[in-house]
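Peer 1: Assemble the whole structure, with the sequences as input and the hints as a guide.
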Amino acid sequence: MDESLNEGALTGMVEKPRPKTVLRPEKHRAFVNELKLKAMAVRRQMVEMGYHSRIRLHYGAIMDMVEMVVLLYFHWLNVRPGAPEWPERDRFVLSKGHGVPSVYAVLGLMGFFDERHFGTFRRLGSILQGHPDRLKTPGIDATSGSLGQGLGVASGLALGAKLDSASWRTYCLIGDGECNEGSIWEAAMIAANQKLDNLTVLMDRNRKSSYGPMAGRNDVEPLADKWRAFGWVVFEADGHDFYDLSQKLAQADAVERQPSIVVGYTIKGKGIPFVEDYPAKPNILLTEEQYRECLDMLRCAEQEVRNG
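Under my numbering, the residue at position 1 of the sequence shown is numbered 1, and the numbers go up by one with no gaps.
Keep in mind the hints are simulated off the structure, nothing from the lab.
Derived BS3-like pairs: lysine-lysine, alpha-carbon spacing no greater than 30 Å straight-line:
| hint | residue 1 | residue 2 |
| --- | --- | --- |
| 1 | Lys162 | Lys136 |
| 2 | Lys20 | Lys36 |
| 3 | Lys136 | Lys20 |
| 4 | Lys195 | Lys20 |
| 5 | Lys195 | Lys226 |
| 6 | Lys226 | Lys162 |
| 7 | Lys226 | Lys20 |
| 8 | Lys195 | Lys162 |
| 9 | Lys36 | Lys136 |
Peer 2: Take a look at the structure:
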């Protein structure tokens, strides 16, 4: 691991501000392999949560955003698991709230809460409900659920930080299907007008919504050009590539007097092949056979990374 990286980032022992380092194959290969293993651990945790809770999860939507969430929490965001309300922390808003199991898995691995809570997922009284709730879950900065609302919240947080001359940044993850919502574009316009250069959006661009491909239905193309027209600086990346994502995040964070967005091109259901190819709405109640298949595939992928 490169000495410039905070070793505590992968263990949850994060006390010093984390260097937001661009990851490079010639310097950070071992660290990126650890991130890949973390991503697999996150996917495994979500499979366990869904199967043992006997809940239909949006496996397509929660699997494809894993690399973006892992990179943010284990390398990019300045956060303190032991002090979730640390005033100087970076803020993260998950606008596509149904994708929260991936955030829960990361927060648990980092030590924001005891992992025994995974066994209570979506039960009455649990701190882990079906959508993010900032009053219930340590590490959650914004409650979200209805699609299209999160960017408005994130813009408000960024504007508040500007008014307070605060050093922390706001990051918001949205889905491309959310761009059918007018509230996304209202917030995008306000953020540009207010010159919120302390706001970075990541988009999960899988080109699908709940019931299939967006093309031929209520499509949003040319999507990147739309964001540019609204006054945003747009970067495009492979949403599953830690090197590419870190480079584009660094470029986005360096933008002045404009908000920025990283469009991360993803595969819906990434990491679980039968979910990637699922022909219908991937809101699945796993059978025992599917559960075992998921775990076997993750074990094989993990071994490939370890064998390097």
